[in-house]
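A.B. asks: Kindly generate the complete structure, drawing on both the sequences and the hints.
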Amino acid sequence: MSRPPSDSAPDSTGPPDRQTLRLLERHLTSDSLVAETAFDPDSYEPRLLKAFLDMERYPESVSTARLDIRWFTMGDFTFHYVEDHDDGSQWECRWDRHPNTHNARLHFHQPPAANDITDLELPSLHPLEVYSTVLTAIEQRLEDLWSQ
Amino acid sequence: MTEFDPAPESDAAQRRWQEGTDTFGRVYDVSLGVTSPTAYTEIAELADCSPNAAKKHLERLTEMGIVRADRNSRPAQYERNDGYLEWQEASQIADELSIDEIIDRVAALEEQLTEYEEQFGTTDPTAVSVVEHDDHEMVHERMTAISEWQGIIREIRLYELARQLSQNDGHLIPA
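Chains B and C supply the protein sequences, listed in that same order.
Letter 134 of the first sequence, counting from 1, is numbered 134 in our numbering, and no numbers are missing.
Letter 65 of the second sequence, counting from 1, is numbered 1065 in our numbering, and no numbers are missing.
Here are the simulated SDA-like cross-link-like pairs (lysine to any residue), alpha carbons at most 25 Å apart as the crow flies:
| hint | chain 1 | residue 1 | chain 2 | residue 2 |
| --- | --- | --- | --- | --- |
| 1 | B | K50 | C | G1020 |
| 2 | B | K50 | C | Q1018 |
| 3 | B | K50 | C | D1029 |
| 4 | B | K50 | C | I1153 |
| 5 | B | K50 | B | G75 |
| 6 | B | K50 | C | L1097 |
| 7 | B | K50 | B | H80 |
| 8 | B | K50 | B | Q140 |
| 9 | B | K50 | C | R1105 |
| 10 | B | K50 | C | Q1092 |
Hints in this document: simulated from the structure, not taken from any laboratory.
Note that this is a predicted model, so its numbers are computed, not measured.
C.D. replies: Dropping the structure here:
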């Protein structure tokens, strides 16, 4: 987890950032929206951080809701939010920062299918600030679900 | 239904992670996410405390080994100390896993490593471009694969260090 050399290819994201994943896991476990967290494949080899959201907060029409987080040593990330609905449909979106040929490095995959991609601006790229923004956005999604 | 806002602007969004932590806890948590030299004034802003308080706590974290300081720059800069944190992880693995378990994990990782090397036709993950494809989903898949590949290389090194610690009764060098 040493710092990458400054001449490394700009399109590299680096390996999973173990320390940031552990930091985010610690905060997710104390977040009121989250019921449970898990590392994939496990905590000795943390690559993907899964947060299962507390279904008591959701209307009955939503059967599961999950947030999948990857954070890379170059500061890139993906936060993928997925709701499974009782009618078999999904509602998903993702906050992403990574190289690509057609969008800003920082971009957002719009719900409900995460296919439409728009550029995104965030006040800070610090993991805890990104985390706070994403969880607060999910909280607003919850308010929308209840008012439907 | 209102349109979904991916970056809601509210005090709650800014301060969500800070609930129930004191100033030292906030400076500590901010430091763990800082991977390049960063002015203590900026860390103070992220940790929602005074620059003086941030500097005091950053100095303490530096003494503990968790943070690295560059005091020659003006203002002084700080970042997390990856060397220390890697040793801490290896030390924990040495504590919790037996040498046989570590050897088994390394063998499994080496198999995965070979699969990636065959898939991409090289032993160097940094030689493979993530953005070779225009298709966004493809970029995601390649990015995840190449990152996991790099992760596997690091995990093998971490287990090697853990095995060394285990064999030296927790010390980096034999007594």
